[in-house]
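Enquirer: Below, each chain spelled out in residue letters.
2 protein chains.
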Amino acid sequence: MSEQNSENHNDSQAINERHRVRMERKKAVIDAQIAAADDQPIGIIVVNTGNGKGKSSSGFGMAIRAMGHGMKVGVVQFIKGALSTGEEKFLRRFPDEVSFHVMGEGYTWDTQNRERDTEKAQLAWQQARTFLADPSIGLVLLDELNIALKYRYLDVHAVIADLLERPAMQHVVITGRGAPEELVAIADTVTEMGVVKHAFKAGIGAQAGTEW
Amino acid sequence: MSEQNSENHNDSQAINERHRVRMERKKAVIDAQIAAADDQPIGIIVVNTGNGKGKSSSGFGMAIRAMGHGMKVGVVQFIKGALSTGEEKFLRRFPDEVSFHVMGEGYTWDTQNRERDTEKAQLAWQQARTFLADPSIGLVLLDELNIALKYRYLDVHAVIADLLERPAMQHVVITGRGAPEELVAIADTVTEMGVVKHAFKAGIGAQAGTEW
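In order, the protein sequences belong to chains A and B. Residues in the first sequence are numbered from 1074 upward in steps of one, following this note's numbering. Residues in the second sequence are numbered from 1074 upward in steps of one, following this note's numbering.
Treat the hints with care, as some may be off.
Covered by chain A, per the in silico footprint, the following chain B stretches (three or more residues, Cβ under 8 angstroms) [to be verified]: (1) 1087-1098; (2) 1160-1173; (3) 1257-1270.
These are calculated hints, taken from the structure and not from any lab test. C-beta: ideal position from N, C-alpha, C; glycine also.
Given these sequences and hints, build the entire structure.
Expert: Encoded structure:
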């Protein structure tokens, strides 16, 4: 082995060894966290908020994750009803596994009628309540609920009361910009989706498959 | 009508009218953006990064969105292979619509062997390349690719070259913490998922349906 090759070989060995030690430490930290966490299964409340992409699609991803574990899923779409999205088309293939309720009428900036929006949001919440009272449903997705709360179509305290009374094992995923503080306070996991870059703002139209 | 009632009525009318005007303006802004955006369908690159939840689940949500539009999907899971997740279980029900490749061996902090990880990542990338060369696949999900790039199991420039050579209509979704700058630079939509609150850190174990 030439001196150069031998140096390269030693460098590469050193990198691999540093990597091994670092990963060993990481494993120890993660194992300790897992050991410390309560292993009892329990339903959690997940909130996806912020101005970036991925709030609803992450909720739908969690829905199929739950379905993969044999759970039934209830979906209520607030606000977004006018769009027949790819997710809806896809999930309607599984009527025994997914119950779907779409509020209808589309975005409030299309209807411009606050009273009608409020009435529809209230009706959608009644549907949400039936899911939240049904222990056979493992995950409830309340898509764009935060928008309905932001415009005060629904009262946040009434909504929280219903959420907290749900079956112990039921998961809830709530999406939409501007999650109210009160909701963040009672949630288990909250993620803020921030915009780094958005194709739409760069002048690329909304694309089937990724945007709707 | 009593004076009090009449005042309440006027208040409520004023709120509704302000709402109407605000929504009208919002609609005008959104309509203008839609008009300005290029309506030609084109494949985009979406990157979900950051330390928060929802990067992978959003990618899987986009996968079913694409399936709802009749597209075929190719999934390569980098790093995460050891876990049989709910998404995988679910998507394996549709072998004609979803091609699935899992790198195997699980998290690198379990294996602690850099050379073996590199080899496996390279093999997984070969699978990714076959998807990226196939115009019949409408969306390619490269789950946790950013981790493989971060540990330099794969060369970011080689990966970018392959991404840019893909069919014009094909969407790509890339997930994982620490997306490299070079990748952000060529992506169309980039979202940073930030942690506001995490159930796991609060001592609640990972839950089937929401976490795996």
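Enquirer: Looking at the structure, which of the earlier hints fail to hold?
Expert: none
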